[in-house]
Structure formats: C-alpha cells, structure tokens
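Each chain, written out:
Number of protein chains: 4
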Amino acid sequence: MPIPKPELYPPFNVVRLSHVDLGVKDLLASKAFYVDLLGLQITDETADRIYLRAMEERGHHSVILSKSPSAQVNCLGFKVFSEQDLDKAARYFSTVGLEFKWGAEPHMGRILRVQDPHGIPLVFYFRMDREKTIHQQFELYRGARPLRIDHFNCFSPDVQASADFYNFLGFRTTEYTEDEITKSLWAIWMHRKGNIHDMAFTNGVGPRLHHIAFWVANPIHIIDLLDIMSTTGYLDNIERGPGRHGISNAFFLYIRDPDKHRIEIYSSDYQTVDPDHEPLKWDLKDPQRQTLWGAPAPRSWFEEGSVFKDLPTREPVLRAQPIVAP
Amino acid sequence: MPIPKPELYPPFNVVRLSHVDLGVKDLLASKAFYVDLLGLQITDETADRIYLRAMEERGHHSVILSKSPSAQVNCLGFKVFSEQDLDKAARYFSTVGLEFKWGAEPHMGRILRVQDPHGIPLVFYFRMDREKTIHQQFELYRGARPLRIDHFNCFSPDVQASADFYNFLGFRTTEYTEDEITKSLWAIWMHRKGNIHDMAFTNGVGPRLHHIAFWVANPIHIIDLLDIMSTTGYLDNIERGPGRHGISNAFFLYIRDPDKHRIEIYSSDYQTVDPDHEPLKWDLKDPQRQTLWGAPAPRSWFEEGSVFKDLPTREPVLRAQPIVAP
Amino acid sequence: MPIPKPELYPPFNVVRLSHVDLGVKDLLASKAFYVDLLGLQITDETADRIYLRAMEERGHHSVILSKSPSAQVNCLGFKVFSEQDLDKAARYFSTVGLEFKWGAEPHMGRILRVQDPHGIPLVFYFRMDREKTIHQQFELYRGARPLRIDHFNCFSPDVQASADFYNFLGFRTTEYTEDEITKSLWAIWMHRKGNIHDMAFTNGVGPRLHHIAFWVANPIHIIDLLDIMSTTGYLDNIERGPGRHGISNAFFLYIRDPDKHRIEIYSSDYQTVDPDHEPLKWDLKDPQRQTLWGAPAPRSWFEEGSVFKDLPTREPVLRAQPIVAP
Amino acid sequence: MPIPKPELYPPFNVVRLSHVDLGVKDLLASKAFYVDLLGLQITDETADRIYLRAMEERGHHSVILSKSPSAQVNCLGFKVFSEQDLDKAARYFSTVGLEFKWGAEPHMGRILRVQDPHGIPLVFYFRMDREKTIHQQFELYRGARPLRIDHFNCFSPDVQASADFYNFLGFRTTEYTEDEITKSLWAIWMHRKGNIHDMAFTNGVGPRLHHIAFWVANPIHIIDLLDIMSTTGYLDNIERGPGRHGISNAFFLYIRDPDKHRIEIYSSDYQTVDPDHEPLKWDLKDPQRQTLWGAPAPRSWFEEGSVFKDLPTREPVLRAQPIVAP
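Chains A, B, C and D, in that order, are what the protein sequence lines are. Per numbering that gives the first Met the number 0, the first sequence starts with residue 0, numbered consecutively. Per numbering that gives the first Met the number 0, the second sequence starts with residue 0, numbered consecutively. Per numbering that gives the first Met the number 0, the third sequence starts with residue 0, numbered consecutively. Per numbering that gives the first Met the number 0, the fourth sequence starts with residue 0, numbered consecutively.
In this list, chains with the same sequence are indistinguishable; a pair is considered to hold if it fits within one copy or across any two.
With a straight-line cut-off of 20 Å between C-alpha atoms, the simulated EDC-like cross-links for lysine to aspartate or glutamate are:
#1 K131 x D226
#2 K280 x E55
#3 K308 x E98
#4 K280 x D157
#5 K284 x D235
#6 K24 x E44
#7 K30 x E44
#8 K4 x E82
Read the hints as simulated data drawn from the structure, not as lab findings.
Based on the sequences and whatever the hints tell you, model everything.
Spelled out as structure tokens, the structure:
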C-alpha cells in the first residue's frame with residue numbers, strides 16, 4: 000500500500016498552488032504565446048520580466064516570464080493561509096533539516112524559499128498584490144479563455160519520496176498509479192485547494208517540471224484554441240490531445256511554449272474537499288488511465304520536461320514502462 | 000459597512016454544505032422529477048424516503064426525499080472536518096446559548112441538530128456512508144447531468160443577523176448586495192468549500208428555503224434540460240432563465256419541483272479559497288446584479304419559497320424593493 | 000387550408016437569400032456594432048458604404064451599411080442560379096405585371112430590381128465578386144462568430160398574399176402559424192436553400208423588415224455574445240432571448256443595432272431539401288410556438304420593425320393577438 | 000486540372016443521399032450499436048431487417064440493417080426530385096449503356112437499381128414513407144444525438160473516373176486532393192444538397208465503402224459519445240478522432256460498428272449552394288488536409304473499408320502515399 004496516510008493537521012496551512020516563474024529565452028516570443036495566443040493578461044512588465052494572470056485570478060500573477068539564457072523553471076509558488084503560517088513553515092523546515100531563506104519579490108510580501116527533498120525550488124508566501132476583478136470584462140477573453148492556474152505536475156526520480164514529503168505538508172492524495180508488478184508508486188495527484196491536484200508527480204528523470212495547467216470552463220474553448228494554433232503557425236506546439244483523462248476525468252490538451260515548457264489546458268475535474276475522500280487507484284498498464292478514449296500519449300510526453308534552475312536531474316528509481324504511442 | 004470581518008479561525012471546521020431533507024407530498028412524482036428528469040441517482044429507497052446523490056458525489060446522499068403531508072424542508076445538512084469538530088460545535092453552541100441535540104440517521108454517523116438564530120434546522124455530521132464512484136459511468140448521465148450539490152439559498156427576515164451568525168461559524172463572504180439608500184445588507188453569499196457559496200441569504204419573508212443548487216459542467220446541459228422539460232410536461236416547472244448572474248457569474252436556470260421547492264441548475268462560478276479574497280459589492284438597483292443580460296426575475300422568484308418544518312415565518316426588517324419583471 | 004401548393008418548377012431559379020442593404024444614420028456606430036461586436040468582416044469600405052460578409056461566405060457581401068438620413072432598409076437581395084435565370088425573371092415579372100429595372104452595383108454583375116406586391120424592394124442577381132475563403136482563419140473569429148446570413152423575416156399586412164407570391168417564385172413552406180379562430184395564415188416560413196427559411200412573413204403593420212438572421216454553429220457563441228454585449232455598453236441592444244424557438248427548433252437571440260434594425264443570432268435548424276417535405280402547422284395561441292421554453296416575446300418584438308425606403312406601411316388585415324409578455 | 004466542369008443541368012435531379020443498406024452478421028449486436036449507443040430510432044423491425052432514422056429525418060429510414068452471412072454493403076440510396084426524374088434517370092442510364100432494373104422495397108415507391116461504372120450498387124427513388132417529426136421529442140435523444148445522414152465516402156480504384164461519372168449526374172465538387180507530383184486526383188468531395196458532400200471518393204483498393212456519416216449539432220455530443228463508448232465496452236470501436244478536418248472544416252470522430260463498417264460523427268461543415276461555388280484544392284502531402292490539428296490518421300483508416308455485395312475490388316491506379324500515423 001504505497002499511499003501515505005493523509006496528514007489532516009499539517010505543520011502549516013498551504014492554501015493552494017499560486018504561480019510559476021519560468022525562465023524563457025525570448026520574452027517577445029513568450030509574450031506572443033502566453034498573451035496573444037493563450038489569453039493570459041499582463042499585470043506588470045519590466046525589461047526582463049512579464050507578470051501574468053488568468054481571467055478570474057485576483058492575485059497579481061500566476062505566471063512570471065523571466066528573461067533567461069536558457070529555458071528553465073526558477074520556482075514554483077504556493078500561497079499559505081497567513082503570515083503566521085510562514086513562521087510555522089520556517090519552524091517546520093528547521094525541524095526537518097531543510098534549509099530555507101527569507102526573501103522579497105515585487106508585488107509580494109515576505110517570501111520563504113526552500114527546496115524540496117529532490118531540490119525543487121519552492122516559494123511560500125501569504126501576501127501578494129490583489130488586482131481588480133476582470134472576470135466579467137468579457138471583451139478581454141481570448142485564446143483558451145484561461146480562468147485560473149490549476150496545478151503543477153513534476154517528474155520525480157522517486158515518486159514515493161515526493162509523495163511522503165508533500166503528504167507531511169498536508170497535500171492529500173486524490174488519485175495514484177501503481178506499477179502492478181512491483182507494487183510501487185508510479186504517479187500521484189495531491190491537492191490542497193479541493194480539486195484533483197495542486198501538485199502531481201510522475202516517475203521519470205527528475206526533478207523536472209512536466210507541466211503547468213490552466214483551468215478553462217468549457218471543452219469548446221480547447222477546440223477553439225486548437226483551431227487557432229493550427230492556423231497561426233503554432234501547429235508544432237500541439238503535443239497531445241484533445242482527450243479525456245481517465246485520471247482526474249478532465250478534458251485536456253497539452254501544448255508546448257516557445258521554450259518547450261509544457262502547458263495543459265484543463266477542464267472539468269471534481270470536488271475533493273472531504274477529509275475522508277478516498278483516493279482512486281489506477282494500474283500503470285491500464286490504457287484508459289492516461290486517455291479514457293484509448294489514444295496513448297506520444298513519447299515526448301513521457302520523456303521531455305523543463306529543468307529547474309541550477310538543479311541536476313537523475314534517473315528514476317523505477318524502471319517500469321508506461322504505454323507509449325508507437 | 001455591513002460585511003462582518005471574516006472569522007478565519009472558527010470554533011469548528013465546516014467542510015461544505017452536504018444535503019437537504021425535503022418533505023414532499025407525492026414520492027412518485029418527486030422521484031420522476033429528481034431521478035428521471037433531473038438525473039440524480041438513487042442510493043437507497045424505503046417506503047417513505049428516497050436517498051439521492053449527484054454524479055460525482057461519494058457521500059451517500061445530497062438529497063433526501065421524505066414523504067410528508069405538506070411541502071416543507073426538514074433540515075439542511077453540513078459536513079464537518081472530523082468527529083472532534085462535532086464536539087467543538089456542541090461546545091460552541093452551548094456557549095452561545097443555542098440548544099442542540101445529538102441524533103442518528105440511516106447511512107450517517109453521529110449527528111448534531113441545532114437551529115440557527117432564525118430557526119433554520121441544521122444538521123452537522125462527519126461520517127456518511129461512502130459510495131463507489133460513478134462519475135465515469137457515462138451511460139448513467141441524463142437530464143441536467145448534475146455533478147454535485149453546490150449551495151443553499153434562504154430567505155432571511157434579517158440578512159445582517161444571518162450573515163453575522165454564519166460568519167462566526169467561518170463562512171466567508173464572496174459577494175453581497177447593499178440597499179444603497181439605507182446602506183443595509185440585502186443579500187449575501189458565503190462559502191466554506193472555496194467557491195462562491197455554500198449558503199446565501201436574501202431579504203424576504205423568512206426563514207424559508209429559496210433554493211438548492213446543483214452544479215453542472217456545461218451550459219449546454221442546461222439547454223438540454225430546458226428542451227426536455229418543455230416537451231415532457233414540465234413546461235410550467237420552468238421559472239427563470241437561462242441567464243448569467245451578475246453575482247457569482249454563474250450560468251443559471253431555476254425550476255420548481257412538484258412541491259414547488261426551487262432548484263437551481265448552476266454552472267461556472269469561480270475559486271475563492273484565498274483567506275484574503277475580497278467580497279464584491281452590488282447595488283440593489285443594479286439590474287445586472289440578478290441577470291447580467293438584463294432580464295428581471297419574475298415576481299414568484301422574490302416571493303415564493305419553501306417553509307421549514309414547524310417553523311413560522313416573519314416579515315423582513317428591510318422594505319427595499321428589488322427590480323421585478325412586470 | 001391556407002398553405003399554397005408548392006411550385007416545384009418555378010419560373011426562375013432563386014438559389015438563396017443573399018444580402019441586405021441597410022440604411023444607417025451613423026456609419027461609425029454601425030461599424031462598431033457589426034464588425035467589432037458581432038464579428039462580421041469588412042470586404043470594402045467607401046465614404047458612405049461598408050460591405051460586410053460572415054466567416055464562411057465567399058460572396059463579396061451579405062450586408063451593406065449605407066449612410067442614410069434615416070434608418071431604413073434599401074433592399075433585400077437574392078442570388079439566382081444563372082444569368083439566364085435573370086432573363087427568365089424579367090419575363091415572369093412582365094407577365095404578372097410587376098415593373099422591374101435593370102441596374103448595376105459595385106462588386107456585382109447585372110441586377111434586376113423589382114418590388115414585391117406589397118412594395119418590398121427586391122434585388123435579383125447571379126454574379127457577385129467571389130472572395131478568398133477565411134473560414135479557417137480562426138484568429139479572425141470574434142463576437143458571435145457569424146458563419147453566414149440565414150434569412151429575412153418581414154412584417155406583412157397580408158401574409159396570405161405574401162405567401163402566395165413567394166410560393167409562385169418557388170419558395171417552399173416549412174412551418175406556418177394559423178389563427179385557429181379564423182383559420183387565417185398568421186405567419187409563414189419559406190425556403191429556397193434547403194433549411195427552414197430564406198424568407199418569412201409575420202402578420203403586422205407592414206411591409207417592414209422584422210429581422211435578418213445570421214447562422215452560428217454553437218449556442219455557446221450566443222452566450223458569449225450576450226456576455227460581451229452586457230458588459231460593453233450594449234445591454235439595451237439585447238431584446239429577446241436566448242431561447243429555443245418552437246418553430247424552426249433554432250436556438251436564438253434577438254438584438255437591435257444602433258438604428259434599431261433587428262438581428263437574430265440563430266443556431267441549429269434542420270434540413271428541408273426534400274420536395275415532399277411536409278410543412279409543420281402551429282396554432283397562434285400555442286405558447287411554445289414562439290419559445291419552446293415558454294417565455295413570451297416582449298411587445299417591441301411584435302410591434303417594431305424597419306421600414307423599407309420610401310415605402311408606406313399599412314395595418315394588417317388580420318387582427319388576432321399573439322401572446323405578449325406583460 | 001483534374002476537376003471536371005460542373006454539370007449545372009444534369010440529366011435528372013438527385014436531391015440528396017438518402018440511405019444505406021448494410022449487411023450485418025449479428026442483428027442484435029448491430030441494434031445495440033446503432034440504437035442504444037449511437038442513438039438512431041427504429042421505424043420498423045422484421046426478422047431480418049431493422050429500419051432506422053436519425054432525429055430530424057422524416058423519410059422512413061436512412062439506415063437498413065440487413066441480416067447477412069458476411070459484412071457487406073447492399074446498396075447506397077439517393078432521393079430524386081420526382082417520379083419523372085426516375086424516368087429521366089432510366090433514359091440517361093440507357094443512353095450511357097448502364098444496365099438498370101426497376102424494383103420495389105418496403106416503405107418505398109418505385110426504385111431504380113443501377114451500378115456505377117466501378118460497380119457500386121445504387122438505388123434511386125422518389126417516394127418513401129414519411130414519418131411524424133420527432134426532432135422536438137428531446138427525451139428521445141441519446142448517444143451521439145444524430146440529426147441526419149450526411150454523406151457517403153467510398154474508396155475508388157480510379158477517383159478521376161468516379162468524379163467524372165458523378166459530375167455528369169450533377170454532383171458538384173467542393174473540395175479535392177491532388178497528388179502534387181503526378182497532378183492526379185487523389186480524393187474528391189461532391190454534393191447535391193448544398194453542403195460539403197453527399198458523396199466522396201478516396202484513392203484506394205475499391206470500390207469499397209469507406210464510411211457513412213451522421214450530422215450532429217455540437218462537438219460536445221461527440222465528446223459525450225466518446226465518454227460513453229470508452230466506458231461501455233466500445234473502446235476498441237473508436238478508430239480516429241476527435242479532430243477537425245482541414246477538408247470540410249468539420250469536427251469529426253470515426254468509429255467502427257460490430258461488422259467494422261465505419262461511421263463518422265460529423266459536425267459543422269459549410270453551405271455550398273451557389274452554382275459558382277469554387278472548389279478548394281488540397282495537396283496530398285499537406286498534413287493539415289486530413290486533420291487541421293496535425294495528428295495523422297491510423298493505417299486502418301487508409302486501408303480498411305466495407306465491400307459491396309458480390310463486388311470484387313481492384314488495386315487503385317494511383318500509387319501515391321498519404322501521411323499515415325507510425
């Protein structure tokens with residue numbers, strides 16, 4: 000039984016995933032992709048950074064595009080419940096022997112920087128500038144009509160270790176994949192905010208970011224995005240989909256940004272707020288796990304991901320093979 | 000400023016609204032409405048009760064239809080985070096002088112019965128039978144394709160008093176309507192589970208239940224339900240909509256069951272988990288408050304509601320007049 | 000039995016409705032409405048005229064906006080099958096004693112101008128400039144995402160006379176409304192191109208244009224348009240809907256342009272190409288005739304319409320009263 | 000230039016494709032597929048035949064399932080404009096030296112049987128029993144919610160010859176694929192009823208039926224069908240899609256029935272009634288020809304098809320290779 004017992008009273012209260020800082024080589028190309036094509040809104044722009052939010056977000060940003068000599072992920076951000084929770088977090092990381100640093104960033108209050116046991120750079124904070132609502136300025140909607148950031152998904156070289164760590168932080172498991180031969184944990188979906196996941200891990204060369212996802216209200220918007228991408232020079236940026244995931248039940252599309260960072264457009268998962276919500280188990284060889292409708296994912300989807308800044312990767316401990324498109 | 004300061008550390012932890020027990024005069028007629036027309040699934044059925052759940056719910060029931068000599072609402076149910084939270088709730092109600100009773104019900108663990116300050120019969124519990132998932136048994140979907148119960152909305156004779164009480168229980172305000180002349184609170188939307196509301200109150204003869212709502216994934220399902228209702232003898236059960244609410248931004252439809260209990264079919268509100276989420280204020284005379292697209296609600300929508308069992312109603316303290324269809 | 004026997008071998012072959020020339024008082028305001036809001040594409044623009052087409056149309060224009068001192072309709076255009084059909088039309092109109100004139104217009108070949116028996120100014124033509132396809136330039140779609148002009152609907156002071164005339168021209172009846180008391184024809188829907196209608200007539204002060212309609216692929220686009228209109232200053236331009244028509248089965252929305260010309264956004268009628276397609280009859284007092292879901296149309300919808308250039312109107316011969324919203 | 004000049008005044012008037020008679024080995028299995036899964040309605044049922052129609056069709060049947068020792072296609076049916084057109088057809092076939100036979104079938108008037116130059120068994124008729132409308136009996140809709148039969152698509156061993164024959168019958172070309180090396184016609188889409196096609200031909204071992212298509216109103220219904228198929232034992236019957244065709248611009252899904260007959264669920268092509276409608280040309284090696292979004296079709300899609308009764312197939316004259324999924 001590889002799923003850790005949920006930690007219902009964690010050492011500090013993480014509310015939700017919040018934002019990602021993406022290192023991109025060409026700010027203009029990335030702006031065209033995230034703003035003109037995908038439909039995110041600019042909240043601030045400097046010589047080397049662009050801050051973006053989705054249509055219903057009131058926090059200042061869910062994506063930071065940072066000019067960078069190479070494609071990389073600078074950090075994954077999480078919002079906590081209060082300033083006190085930041086202090087509790089610091090005490091907890093001290094106790095478990097994880098180094099942390101206090102820092103500051105534009106548009107945000109006090110931030111706590113720490114690396115998870117595999118080195119993934121995390122940022123915890125409580126205060127971020129709050130913006131005026133735009134979710135009813137319907138003339139601004141375009142592209143995929145993204146409403147909010149939904150989750151991160153990372154390759155982990157040791158999914159069991161990743162699951163254990165985030166479980167201690169109060170992330171609760173909703174679905175998971177087991178390699179039925181070794182009974183090992185292949186992939187796991189864990190949440191704080193009450194839907195399928197804020198954070199997921201998949202076995203693979205890592206740690207690397209597999210993708211970030213944006214939530215959209217209607218599969219029709221995903222079809223619209225595909226139509227636009229395929230007729231405006233973004234055909235090769237379409238990687239997988241559209242389809243229905245067995246896991247999460249979401250209607251999905253995976254696309255790649257100009258630096259090959261992977262973006263999921265994601266619609267319609269389910270509510271998981273109950274503390275006694277039972278995780279669903281999937282077998283690694285179940286073809287409907289990945290795509291309920293049966294189409295396997297392409298090889299790139301299993302092999303490619305974004306490195307974290309200055310963080311070497313290593314081979315995964317598990318060697319099982321998922322079903323890959325020929 | 001009529002909105003109470005949010006109580007971020009409430010005396011006990013309510014997870015979400017959970018279920019309603021509706022007194023109905025004709026079980027067969029109600030079964031036809033909720034099961035055959037609306038698409039809820041039966042989880043248990045006795046001589047005088049039918050238990051129902053929506054498609055993604057794992058709790059045993061979100062609606063109980065109880066044979067009753069008259070149309071009424073027997074109770075509104077809420078799930079708490081743990082058995083300990085029930086004990087904390089009992090202590091809290093003792094402290095504030097609200098009488099409570101411990102009870103038991105089929106398919107549920109220990110339950111705590113209490114009436115809110117206006118007399119609304121509430122049930123708090125932690126344990127309910129958990130059912131097998133059916134959200135991917137797509138051949139079972141029908142009618143409105145309801146995914147989960149979303150919220151209760153009640154008429155209150157004193158919205159300010161209702162808001163203050165539920166605020167103490169940790170319900171956080173997302174949107175509210177102010178009568179701009181008296182600066183009084185006309186209506187309020189409050190949540191625990193991280194979307195617009197678990198519970199809302201509107202000024203009116205009360206306490207009465209205004210409606211319960213079910214969440215659906217796509218406005219198309221609401222159009223489908225309208226097409227079916229209008230051609231299978233349920234035309235007169237359509238009360239208002241379809242439309243977009245200004246408040247909540249949801250795409251909505253209001254229908255009436257055979258006992259005139261009002262059901263909202265509700266799609267696409269937004270995420271509100273941030274503890275510093277700022278409430279949105281609407282003016283009572285803003286025509287887009289009710290319907291973004293401008294169509295006023297019919298008089299019945301403001302005047303009719305379901306009484307609670309054995310609970311007399313009284314006139315509201317506020318006399319302001321919303322915009323009513325001629 | 001008020002429906003004329005279909006004329007399967009008409010004197011000349013009308014292919015479809017084609018375009019409308021609308022007299023508008025403020026070209027800029029109309030351009031904002033038809034182009035920026037509704038989503039039509041400009042194919043030509045002069046000091047006093049703007050030519051527009053919808054997304055899948057290859058003919059040069061389906062709407063001409065003509066600067067005009069007052070709001071009016073200059074003509075309704077129809078495409079015939081060949082130049083020979085224009086000559087056949089001329090012979091036919093001579094035979095029945097209708098005066099006609101040959102003319103010329105930019106972007107079109109030879110045109111034949113004639114007024115129908117009530118004076119409606121008609122234009123018949125075969126050749127119009129053909130444009131490059133843009134239906135797969137998805138980045139151009141906006142607003143209601145209109146695909147093509149679908150039909151004209153006119154008030155007629157004598158629907159029976161109108162029906163008889165267009166029936167002789169080969170327009171075939173698909174649905175009609177009878178005043179069940181006098182057994183008179185109240186309204187009729189007639190087609191050439193194989194769906195519900197190219198032309199419809201409703202009893203009323205006339206002749207006037209009731210509306211022109213554009214076909215859209217998905218009800219979701221109509222919801223999108225409503226959201227945009229209600230938040231960009233066009234709230235008062237929304238007149239009726241959204242809803243499902245009993246007649247035609249279409250999902251509809253009626254809006255008014257800056258000159259009060261009425262536009263229907265129309266989705267999903269059915270195929271009617273069979274020569275033995277039987278018309279459907281509706282009773283005037285059937286509330287589902289207008290709106291399957293029961294909501295009556297507002298009074299303006301029955302009383303207001305666009306006058307044709309220099310054409311006086313007269314009271315209708317029928318006095319029956321449809322169901323009007325209070 | 001491989002596209003024949005359109006025959007605007009053909010020897011007889013074909014209105015539209017009408018129906019297919021499919022030989023199936025297991026009537027019960029086919030009934031489960033077409034009725035319970037796909038959503039067609041039964042209009043008649045005998046010991047060895049089931050007659051089906053889609054939701055808006057008034058003709059008695061668009062599909063006949065005929066008990067048969069092997070999977071085959073018994074005939075493709077077309078409706079003509081009048082009984083006189085049948086006589087004109089007979090004269091035309093005499094003139095060009097094609098043998099024909101008069102026949103009779105249940106629920107139909109006089110029928111004319113003929114084989115096209117490659118041997119495809121065709122049926123022409125004018126009269127078929129007309130049924131009561133059910134398109135507004137919304138409680139009957141299920142599965143893919145099919146509205147009408149849309150087209151046939153056949154493998155032809157000589158597409159140029161097929162195109163020439165049907166062109167003489169008045170079928171007009173809307174889109175076509177050319178092998179850019181030999182400038183030969185690889186595939187062609189031809190219509191009578193005013194949309195992309197009633198009949199299409201693709202180069203391949205033939206003659207064989209590639210697929211029949213049903214028109215649905217909304218891509219959402221295709222997603223619904225996929226969800227149902229993949230969870231009710233029909234996962235292996237999903238062959239290709241969902242996706243957007245470059246050709247025709249339709250949103251599509253291809254599935255296989257229990258006898259491997261291929262069915263397309265098809266949404267949203269465009270209007271083509273103009274006699275001067277210009278065909279669109281696609282290059283065989285354009286990857287967006289098949290799927291605008293880039294995913295190639297599986298090999299089975301190019302190689303497998305349904306044989307016609309008692310009709311041998313032969314190798315195609317063209318040897319060019321389309322893009323096939325690895």
